[in-house]
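Got two chains here, separate frames each, mind docking them using the hints?
Order-wise, the sequence lines are chains A and B.
The first sequence runs 1 to 293 under my numbering.
The second sequence runs 1001 to 1326 under my numbering.
Any given hint could be a false lead.
Stated by the list, open to error - Residues from chain A that keep clear of chain B, each with C-beta distances beyond 12 angstroms, as calculated:
{"no.": "1", "residue": "Gly63"}
{"no.": "2", "residue": "Ala82"}
{"no.": "3", "residue": "Gln83"}
{"no.": "4", "residue": "Asp140"}
{"no.": "5", "residue": "Phe162"}
{"no.": "6", "residue": "Ser235"}
{"no.": "7", "residue": "Ala241"}
{"no.": "8", "residue": "Glu245"}
{"no.": "9", "residue": "Arg288"}
Claimed, not checked - Partner residues are not named here, just some residues of chain A that face chain B (Cβ under 10 angstroms, in silico):
{"no.": "10", "residue": "Met100"}
{"no.": "11", "residue": "Ile218"}
{"no.": "12", "residue": "Pro220"}
{"no.": "13", "residue": "Ala225"}
{"no.": "14", "residue": "Ser227"}
{"no.": "15", "residue": "Thr234"}
{"no.": "16", "residue": "Glu238"}
{"no.": "17", "residue": "Asp249"}
{"no.": "18", "residue": "His250"}
{"no.": "19", "residue": "Leu256"}
{"no.": "20", "residue": "Gly259"}
{"no.": "21", "residue": "Ala260"}
{"no.": "22", "residue": "Pro262"}
What the hints assert, rightly or not - Here are the simulated distance ranges between beta carbons:
{"no.": "23", "chain 1": "B", "residue 1": "Pro1263", "chain 2": "A", "residue 2": "Ser133", "range": "39 to 47 angstroms"}
{"no.": "24", "chain 1": "B", "residue 1": "Val1294", "chain 2": "A", "residue 2": "Gly76", "range": "53 to 61 angstroms"}
{"no.": "25", "chain 1": "B", "residue 1": "Gly1169", "chain 2": "A", "residue 2": "Pro89", "range": "19 to 27 angstroms"}
{"no.": "26", "chain 1": "A", "residue 1": "Ser133", "chain 2": "B", "residue 2": "Leu1007", "range": "19 to 27 angstroms"}
{"no.": "27", "chain 1": "B", "residue 1": "Glu1040", "chain 2": "A", "residue 2": "Arg176", "range": "26 to 34 angstroms"}
{"no.": "28", "chain 1": "B", "residue 1": "Ala1311", "chain 2": "A", "residue 2": "Arg176", "range": "48 to 56 angstroms"}
No lab work stands behind these hints: they were computed from the structure.
We put the CB at the ideal spot given by N, CA and C, even for glycine.
Chain residues, written in single-letter form:
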Amino acid sequence: MSGAMPGRAARPLSGSMSRSEGIALAVAAWLAIAAPLAAEAPQRVVSMNLCTDQLAMLVAAEGQIVSVSYLAQDPGASAMAAQAAGLLPNRGRAEEIFLMRPDLVITGPYSNPTAADMLRRLGVAVLVVDPVSRLDEIPDRLAVIGAALGQADRAAKVAADFEAGLGALVDTGPERPRAALYGANGYSAGDRTLAGQILWAAGFDNIATEQGMPDGGILPLELLALSQPDMIVTSRAEPGASRSEEILDHPVVAALRDGAIPGRMRDSDWVCGTPHVLGAIADLRGAREEAGR
Amino acid sequence: MSRALALLGLLVAGLFAASLLVGPAGLPPGASLRALVSGEGATGLVMREIRLPRAILGAAIGAGLGMAGAAMQGYLRNPLAEPGLIGVSGSAALGAVLALHTGLAAAFALALPLMALAGAGLGVGLVMALAGPRGGSLTLILAGIAISALAGALTSLVLNLSPNPWAAGEIVFWMMGSLADRSMSHVALALPFLLAGIALLATLGRGLDALTLGEDAAASLGIRMARLRLGVVIGTALVVGAGTAVAGAIGFVGLVVPHVLRPLVGAAPGRLLWASALGGAAMLLAADIAVRVVLPEQDLKLGVLTALVGAPVFLHLIYRMRRALA
Chain A
1 MSGAMPGRAA
11 RPLSGSMSRS
21 EGIALAVAAW
31 LAIAAPLAAE
41 APQRVVSMNL
51 CTDQLAMLVA
61 AEGQIVSVSY
71 LAQDPGASAM
81 AAQAAGLLPN
91 RGRAEEIFLM
101 RPDLVITGPY
111 SNPTAADMLR
121 RLGVAVLVVD
131 PVSRLDEIPD
141 RLAVIGAALG
151 QADRAAKVAA
161 DFEAGLGALV
171 DTGPERPRAA
181 LYGANGYSAG
191 DRTLAGQILW
201 AAGFDNIATE
211 QGMPDGGILP
221 LELLALSQPD
231 MIVTSRAEPG
241 ASRSEEILDH
251 PVVAALRDGA
261 IPGRMRDSDW
271 VCGTPHVLGA
281 IADLRGAREE
291 AGR
Chain B
1001 MSRALALLGL
1011 LVAGLFAASL
1021 LVGPAGLPPG
1031 ASLRALVSGE
1041 GATGLVMREI
1051 RLPRAILGAA
1061 IGAGLGMAGA
1071 AMQGYLRNPL
1081 AEPGLIGVSG
1091 SAALGAVLAL
1101 HTGLAAAFAL
1111 ALPLMALAGA
1121 GLGVGLVMAL
1131 AGPRGGSLTL
1141 ILAGIAISAL
1151 AGALTSLVLN
1161 LSPNPWAAGE
1171 IVFWMMGSLA
1181 DRSMSHVALA
1191 LPFLLAGIAL
1201 LATLGRGLDA
1211 LTLGEDAAAS
1221 LGIRMARLRL
1231 GVVIGTALVV
1241 GAGTAVAGAI
1251 GFVGLVVPHV
1261 LRPLVGAAPG
1271 RLLWASALGG
1281 AAMLLAADIA
1291 VRVVLPEQDL
1301 KLGVLTALVG
1311 APVFLHLIYR
1321 MRRALA
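This is chain B alone, in the form it adopts within the complex (with noise of 0.2 angstroms):
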């Protein structure tokens, strides 16, 4: 268990360097790592305000997807729960957009990554009381189509109406979610809440190991099911809505990440916490490195490389699970 934490540990910073050394620019590694420290010249400024601001999101916004999805998944006790599939990150990338759009965002930065956590709260609310306690699948995904279709209509709604003719163009970027061009004062509207959702999420792990046993096992055991719930629902609004105002709805990574790291650590929820934040940061830092590699001239978007891997992924579980939906 410590053990593959420590691997993944390793394995998230070695992609960070990655995501620091790969860029259009094709700098030498030791020059843009010493610009880094020093931040001098052109080198200085691209690494420090181009590269880093773009890392550190990267593996911020995956450790928070992952651990979200992981959270999730306890929780509803059903693999299939994740912010982006069920509706959580399209809430959100409609709240992002409704404060972009109406001006707030510019009146008052912080009402960005606000409307945006508003929004993923309100998602994940809907889904997990129209879900149920218990989590049905089937209940769950249709909650999840629900409200996934109704937010992407909206946001694709609210872009149209836009008078910028740029803005119906960024309706996949709302969908798919890029980091590209991101700057520090992103790093500083999201971070804050990022960290906020993760801590708030890694205190639920002693709940969902106690809700594997069941309900009233758990309440036996001391855990009050309202707060459990009401950690869950917040933990995800903060990650995912601060993600999301930020680097747009990317689906798929709560997904993959407790479901390959499950066997590793024992199928203990709480343990599942930590390994899939450090799995979901690699995730979105390979990803991203990957749309830098494989079609530099364009931007191509992170959503599509993760759908690429998840949805695989989604069509096994269901196959696996196709009895009990049935």
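So here's chain A without its partners, still in its complex pose (with noise of 0.2 angstroms):
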């Protein structure tokens, strides 16, 4: 009896959200004077999407998560892999997920759309969070995740202390030198991407922006050599071999890196807007410092 009850009361919230068409920020708002009114913040939450993992064991009680997705217990792809790693983990599939009683599960708009969409058939809670693109989203996604689980007290600390954090790292001074974020298959991130935030952030200037890119694109490993980078930031190596990745090793990448500051490979801090981007920040400025750029 008491395992049909979660059941029963998210089916009122799937509701919403299916005429809310997924919008994040509508659910939240929803929830946020629900969730006070029931007093029943979600007790079994699972999480099928990397970003979303990470943001809800920031702000999550202790025990509330059920799983998180196998992804966020990957030290390569995660920052919170340690928390994670007590945690079940999921592969995004509707059963596997429909067997484990969530009363809410939080995805990404591109994680598996048609598990989300089956699970909502069957009567579970599904919030949908937008990935990040820009630094000063990340308090607001905290926010909507803090609301869902009847956190939202613990999320305003942590998107404080982030602001904060932020607040003393970035770095607007007059001196920008210029880098490039150079990954597999010769793709570059853009101004308008959360890469390009982080790398904005430590204080340089954009090789794929300034190749009229802001949103990141193909950059010619031709252009590369041509815009002669201070930094290059290269995406970071992922198991086994790849034609792909060889590009990271071309001898003009090797060329370019002679005289420039020591590049970076980007880690587990770049790949989702989660306050651990601060610590790629700072990675970043400590490079330039040791350079004396």
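Now the structure itself:
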């Protein structure tokens, strides 16, 4: 009997989700009002997206989260792998998640939307949280998830700490070296991406934006060579071999690194819009200071 | 004949120069060529480390594929024989993918071309064994389809099993081929094998000419069939293996080029070998220039263009041969 309760309690929420077409903020506002009234914060939360995993773990109470995506346990991708290690991993399949009897599922718009749709049809509350492409969206996302988990106060504290940390780190000085974010297949992230924002906050100008790609795009190796960046930040190395990543070992990239600020490799701090991006910004600033630029 | 070769040589030289001068950076030609010689500055880096290896690989792989097509067609006396179509390139790609994704190539750089070479050798050996010495069209094509399908499926399987999230997306590279972002290290890896294969195939001209008279007549002229067959297998494995290891499987070059050039050199397989080498180099250089001009933003695969030209030629050949096939 008690096992059926969370499902029943979740139904009105799922109804409101479908009307609002998955607009996370509307749900959050509804939850913010409804949660104190019902005094029923969800107790079996499942997250199926690497970034919502980390945001949820940052604001949830002990034991509130049942499962996170398997990627959250991979230290190469997740800044909170140690915390995720004690939770059940999921691969975003509707069946396995339904069997976990969640009273709230949190996901991103692009991680297996068909599974999210099926869970909604089965009467599970699903909260879709958009990914972050600007640093100032991180407190918003924390607030959305905090409200959904009934942890608004914790979320506000984490967000305030983040804003204070960011304020202390952002470099708006006049000296701005030019850096390129270079990844597999020659993809270069521009200013209007999270990685570009991290680069900007650390006091760098972005070669991709200079080349007319503020949203990022494929930057041919030739154009990278001619732009002579002051630093190259490469994407994190994935396990195993791939031709896509071979470009990062190209002699041209090696030649560009000579005389430049020693580049950094993008690690798990870069992947998601969480307060952990402060680690990435601090790391880049450290690289500048070491090189005296 | 020699005039045709000279013209083809001029065409290859012109396309080689054009390949050096075309790129997203839009550098002025004079300054580009000066930088290529001096190697100075960022332009020198672009010319020597990006465009030169691309042009060298385009010419050498194209020459190898053209020549391998001509040699296989001469040996099997069948104009449908082509390394890409009958699964030799696909087997080479499987060998290369295995070398890369087992970590063998990381431990030992030569493992990449050697495994591709072994794959190509296995593929061409199987096809020739299944098609028989006279290379009946039906058995040849059916054997080719079976080997292509198996090699393609196993290549996809290896790439899908890889822990690397990029690997599965590279299935299209291994099946269609590309010369984007190749470096001098790829040239160093592939060029010796390509040159060895071309040199070996070039020695087969007399044997292939004699074979046009039939196996018995060829034998009476002192041609040893077993040795000729071994030459075709090893030469094809060398050029297709080395080329596929660094540029993926590029189809139809070995079909189209001998087909177009055969009337020009008077249908003698021996003379067709060198002509096809030059023609293949010209075709691949032209295709590689076209992918950079047509869709500069994307890494359009070479096999897309060669198939657009080659598949209609293939259909035309089948149309002409349908009575023999039936």
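Against the structure, the hints:
no.	hint	verdict
1	Gly63	holds (32 angstroms)
2	Ala82	holds (21 angstroms)
3	Gln83	holds (23 angstroms)
4	Asp140	holds (28 angstroms)
5	Phe162	holds (28 angstroms)
6	Ser235	violated (10 angstroms)
7	Ala241	violated (5 angstroms)
8	Glu245	violated (6 angstroms)
9	Arg288	holds (23 angstroms)
10	Met100	violated (25 angstroms)
11	Ile218	holds (6 angstroms)
12	Pro220	holds (4 angstroms)
13	Ala225	holds (5 angstroms)
14	Ser227	holds (8 angstroms)
15	Thr234	violated (14 angstroms)
16	Glu238	holds (5 angstroms)
17	Asp249	holds (9 angstroms)
18	His250	holds (5 angstroms)
19	Leu256	holds (8 angstroms)
20	Gly259	violated (12 angstroms)
21	Ala260	violated (13 angstroms)
22	Pro262	violated (19 angstroms)
23	Pro1263/B x Ser133/A: 39 to 47 angstroms	violated (60 angstroms)
24	Val1294/B x Gly76/A: 53 to 61 angstroms	violated (37 angstroms)
25	Gly1169/B x Pro89/A: 19 to 27 angstroms	holds (24 angstroms)
26	Ser133/A x Leu1007/B: 19 to 27 angstroms	violated (56 angstroms)
27	Glu1040/B x Arg176/A: 26 to 34 angstroms	holds (28 angstroms)
28	Ala1311/B x Arg176/A: 48 to 56 angstroms	holds (52 angstroms)
In this structure, the earlier hints numbered 6, 7, 8, 10, 15, 20, 21, 22, 23, 24 and 26 are contradicted, and the remaining ones agree with it.
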